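A.B. asks: Sequence:
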Amino acid sequence: FACSESLASASPHPDSCPRLPPSTMNEDQVHKQIEQMVKFIRQEAVEKAREIHVKQEEEFNIEKLRMVEAEKARIRQEYERKEKDIEVQKRIAQSNHVRSARLSILAEREAQLAVLKEDAKKRLGRLVQSDKYASLLESLIVEGLVRLEGTSVSVRGVSGQNNTIKNVLTSAVAKYKAWAEKEKGAQFVKEIDVTFNADNPIKNACGGVILATAGDLIIIDNTLESRLELAMELRLPDTRRVLFGGK
Numbered sequence: 370f371a372c373s374e375s376l377a378s379a380s381p382h383p384d385s386c387p388r389l390p391p392s393t394m395n396e397d398q399v400h401k402q403i404e405q406m407v408k409f410i411r412q413e414a415v416e417k418a419r420e421i422h423v424k425q426e427e428e429f430n431i432e433k434l435r436m437v438e439a440e441k442a443r444i445r446q447e448y449e450r451k452e453k454d455i456e457v458q459k460r461i462a463q464s465n466h467v468r469s470a471r472l473s474i475l476a477e478r479e480a481q482l483a484v485l486k487e488d489a490k491k492r493l494g495r496l497v498q499s500d501k502y503a504s505l506l507e508s509l510i511v512e513g514l515v516r517l518e519g520t521s522v523s524v525r526g527v528s529g530q531n532n533t534i535k536n537v538l539t540s541a542v543a544k545y546k547a548w549a550e551k552e553k554g555a556q557f558v559k560e561i562d563v564t565f566n567a568d569n570p571i572k573n574a575c576g577g578v579i580l581a582t583a584g585d586l587i588i589i590d591n592t593l594e595s596r597l598e599l600a601m602e603l604r605l606p607d608t609r610r611v612l613f614g615g616k
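Position 151 of the sequence shown, counting from 1, maps to 520 under this note's numbering, and the rest follow consecutively.
Hint data in this document are derived by calculation from the structure and do not stem from the laboratory. One should not assume that every hint holds.
As the list claims (entries may be wrong) - No more than 25 Å apart at the CA atoms, straight line, and that leaves these computed lysine to any residue pairs for SDA-like: (1) Lys546 - Gly584; (2) Lys451 - Ala439; (3) Lys501 - Lys544; (4) Lys572 - Ser504; (5) Lys535 - Leu517; (6) Lys491 - Phe409; (7) Lys544 - Asn573; (8) Lys424 - Phe409; (9) Lys501 - Ala439; (10) Lys433 - Ile410; (11) Lys424 - Met436; (12) Lys544 - Thr533; (13) Lys491 - Leu472; (14) Lys501 - Trp548; (15) Lys501 - Glu512; (16) Lys544 - Ser521; (17) Lys490 - Leu586; (18) Lys441 - Gln425; (19) Lys491 - Ser469; (20) Lys501 - Ser523; (21) Lys572 - Ser523; (22) Lys572 - Ala583; (23) Lys559 - Leu586; (24) Lys551 - Ala567.
Keep in mind it's a predicted model, so treat the numbers as computed, not measured.
Please work from the sequences and hints to get the whole structure.
C.D. replies: Put into structure tokens, the structure is as follows:
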């Protein structure tokens, strides 16, 4: 470009390009030289523009690739999160299903135990009507007296069984006194006073007795229903093993 300025001014300069002396170049040659220089400048501009375009294209592709990879990573993370959520929900559902099944099994077993208990209660009713009931009633009274270890004891019975209780009470007290004489001494035996409380019969029971001492502060429930509850509670593991198997 400095050379073109030298040609245009046609003034000699020691730093000018080695061209033909201005006096030897006509106007056409000057224009031709200018056109060549313009063409060269334009070519450089085109190449520079191409370089810029290529660089922009590369930067665009790099940025696009980065964005694509970032989106892929986000999608993978989202998929993994949803997959974990599905697995957690699946485990929760499975756990709930197992829990529900276990509860159903337990409910069914409790229902079977309830049926067994009701059947046992019916058998108790038949026992009360049998010849063995009087002997059982006497044993229940003696056991209650021994457990209380009292001198003043009242005995209550089920409504409608007064005569049976009175018939066995004398022999039951005699057995209690025999036990007390060995364990407590003669003085204790002299103070023993066992009475039958016929004015306050037991409700909601088919048989047995309730004994009380110390002003009814200490009570022994020896009804058949109470003994059945106790027996079922103590033998529950064995009952479950017989009914449902397992150890």
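A.B. asks: Is the straight-line distance between the alpha-carbon of Lys544 and that of Ser521 25 Å or less?
C.D. replies: holds (16 Å)
A.B. asks: Lys501 and Glu512 were given as a pair; does the straight-line alpha-carbon distance stay at or below 25 Å?
C.D. replies: holds (17 Å)
A.B. asks: Within 25 Å, alpha carbon to alpha carbon, are Lys544 and Asn573?
C.D. replies: Not satisfied, since the Cα-Cα distance of roughly 29 Å exceeds 25 Å.
A.B. asks: Next pair to validate is Lys491 with Leu472; report whether the Cα-Cα distance is within 25 Å.
C.D. replies: violated (28 Å)
A.B. asks: Taking 25 Å as the top limit, are the C-alpha atoms of Lys501 and Ala439 close enough?
C.D. replies: Not satisfied, since the Cα-Cα distance of roughly 89 Å exceeds 25 Å.
A.B. asks: Is Lys551 close enough to Ala567, meaning Cα to Cα at most 25 Å?
C.D. replies: Not satisfied, since the Cα-Cα distance of roughly 30 Å exceeds 25 Å.
A.B. asks: Could you grab the alpha-carbon distance between Lys491 and Phe409 and see if it respects the 25 Å cut-off?
C.D. replies: Roughly 121 Å separates the two Cα atoms, so the pair is violated.
A.B. asks: Mind checking the alpha carbons of Lys572 and Ser523 for me, to see if they're no more than 25 Å apart?
C.D. replies: The hint holds at about 17 Å.
A.B. asks: Is Lys501 close enough to Lys544, meaning Cα to Cα at most 25 Å?
C.D. replies: Since the Cα atoms of Lys501 and Lys544 sit roughly 18 Å apart, the hinted pair holds (cutoff 25 Å).
A.B. asks: Does Ala583 sit within 25 Å of Lys572, going by the straight-line distance between their CA atoms?
C.D. replies: Distance ~22 Å between Lys572 and Ala583 Cα, so the pair holds.
A.B. asks: Measure nothing beyond the straight line between the CA atoms of Lys424 and Met436; if it is 25 Å or shorter, mark the hint as holding.
C.D. replies: Measuring from Cα to Cα gives roughly 18 Å; hence the hint holds.
A.B. asks: Quick one, are Lys544 and Thr533 close enough, alpha carbons at most 25 Å?
C.D. replies: Given pair Lys544, Thr533 holds - Cα atoms ~17 Å apart, limit 25 Å.
This entry does not satisfy hints 6, 7, 9, 10, 13, 17, 19, 24, going by the numbered hints stated previously.
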